[in-house]
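J.: Sequence:
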Amino acid sequence: MSTTEMQPQHFTQWGMLGTYIVNEKPLVRCVELESVRTKVTVRGFVAQVRATLVYHNLSPNPLQVKCVFPVEDGAAFYKFEARLDGRTIIAQCMEKKKAEKVYKDAVSEGKTAVLAREHEYTSDILQLALGNLPSGERAEIEVSLVMELCVRTDGGVSFILPTVLNPRYSPADLVQKDSAELSWNDLSDQRTVCVAKAYSMNIEGSVCGSHQIARIISHTDPINVTISDDTKSAQITQDGGFKCDHDWSMTVYYNNPYKTHVLRETSDRSGVGIMTQHLLMINFFPSLPDNSYSNRNEIIFVIDRSGSMSGSNIHSARTTLLLFLKSLPQGCYFNIVSFGSHFEALFPK
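In the working numbering, the protein residues as written are -19 to 329.
None of these hints come from the bench; they were simulated from the model. Wrong hints could be hidden among the right ones.
Below, in silico cross-link-like pairs of lysine to any residue (SDA-like), each with a Cα-Cα straight-line distance of 20 Å or less [stated by the list, open to error]: (1) LYS177 with LEU38; (2) LYS223 with GLU128; (3) LYS59 with THR246; (4) LYS329 with PHE281; (5) LYS329 with TYR313; (6) LYS19 with THR143; (7) LYS306 with ILE140; (8) LYS177 with ASP227; (9) LYS306 with LYS77; (10) LYS77 with ASP65; (11) LYS212 with LYS239; (12) LYS19 with ASN182; (13) LYS239 with MET261; (14) LYS223 with THR246; (15) LYS19 with LYS77; (16) LYS19 with ILE1.
All chains, please: the whole structure from these sequences, using the hints.
T.: Next comes the structure, spelled out in structure tokens:
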């Protein structure tokens, strides 16, 4: 039986995963992450993130590896490159139907081809099968993505490093499996990254554009900030090491955040699909008076917990609820009412 047949419908573990056979049973192993190098470029209210992740197969077995990456809300991958076992794999961004045709044509011609696509059962997971990774070998993954940035109520533009580039270090006993070895069914209802060993991370950032920069701060980590004389660009570096137990973030404050401006992204003539087109983005950030904000809002979430919501349905509801809770403005009131054979509120009032 192939590993594809063993895979559950809602596969939610991410990173680099390898499969191998023991007693005719396919097992999954989380390939150890050694290091992450990230370059962040902020332009106005948009960030471009380029990262290199190095994985090391410490297993005594050769692994058939795949990358499974979550696609964060408001973010999009546009470049993927992998180097492993003497091979270099470069993905190109195409419209879905065209990509499938190119893939089928390449296979029919006897060429080696890889098709990256959204997960079959959920649109916020990207999968890419990479092939064989021998024991003791390393794989280097380069990804590029673009993402919208959140604007705080105080006018700050907030960047949070995407989860896949900032996984949590968890002691092995939390995994409850020796050496991070899992079966496909063990992965069916997890939404947390489990890294068995600590890894090194280096982050460099820059801010550029037409906005004048007032200041750049981080509430999570010490950083060094150098702002140019014209205050329209800045360089950010880490001040010391990083502990992989929290989200890395920074907030940019502009002197004139309410100024409307246009960003232009020049096309890549050597690319394919939408990458060959010029892109324009208008940043419009209206100035709202303080009295238009209210912290007296009360929001009630109603969750169905009946029998029909078992398995993946309740998992999706939980994930959606968590997203809503993280998006609530500061100072508002909320409650969660669930119902099934009876109903109950999380808080009495």
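J.: Hints first: check each against the structure and report whether it holds.
T.: Comparing the hints with the structure gives:
1. Proposed proximity of LYS177 and LEU38 is supported: the alpha carbons are some 11 Å apart, at most 20 Å.
2. Of the supplied pair hints, the one linking LYS223 and GLU128 is violated, its CA atoms being roughly 25 Å apart against a limit of 20 Å.
3. Taken as a hint, the LYS59 and THR246 pair is honoured in the structure, with Cα atoms around 15 Å apart against an allowance of 20 Å.
4. A threshold of 20 Å between alpha carbons decides the hint, and for LYS329 with PHE281 the separation of about 14 Å falls inside it, so the pair holds.
5. With a CA separation close to 10 Å, the supplied pair LYS329 and TYR313 stays within the 20 Å bound.
6. Between LYS19 and THR143 the CA atoms are separated by roughly 15 Å; this keeps the pair inside 20 Å, and the hint holds.
7. Of the supplied pair hints, the one linking LYS306 and ILE140 holds, its CA atoms being roughly 13 Å apart against a limit of 20 Å.
8. A threshold of 20 Å between alpha carbons decides the hint, and for LYS177 with ASP227 the separation of about 17 Å falls inside it, so the pair holds.
9. For the proposed pair LYS306 and LYS77, the alpha carbon gap of about 35 Å is over 20 Å, so the pair is violated.
10. A distance of roughly 30 Å separates the Cα atoms of LYS77 and ASP65; the hinted pair therefore is violated under the 20 Å criterion.
11. A hinted pair counts as satisfied when its Cα atoms are at most 20 Å apart, and LYS212 with LYS239 qualifies at roughly 14 Å.
12. Between LYS19 and ASN182 the CA atoms are separated by roughly 9 Å; this keeps the pair inside 20 Å, and the hint holds.
13. Between LYS239 and MET261, the direct Cα distance comes to roughly 14 Å. Compliance with the 20 Å bound is thereby established for this hinted pair.
14. Taken as a hint, the LYS223 and THR246 pair is broken in the structure, with Cα atoms around 37 Å apart against an allowance of 20 Å.
15. Taking the CA atoms of LYS19 and LYS77, the gap is near 32 Å; set against the 20 Å cutoff, the hint is violated.
16. Of the supplied pair hints, the one linking LYS19 and ILE1 is violated, its CA atoms being roughly 38 Å apart against a limit of 20 Å.
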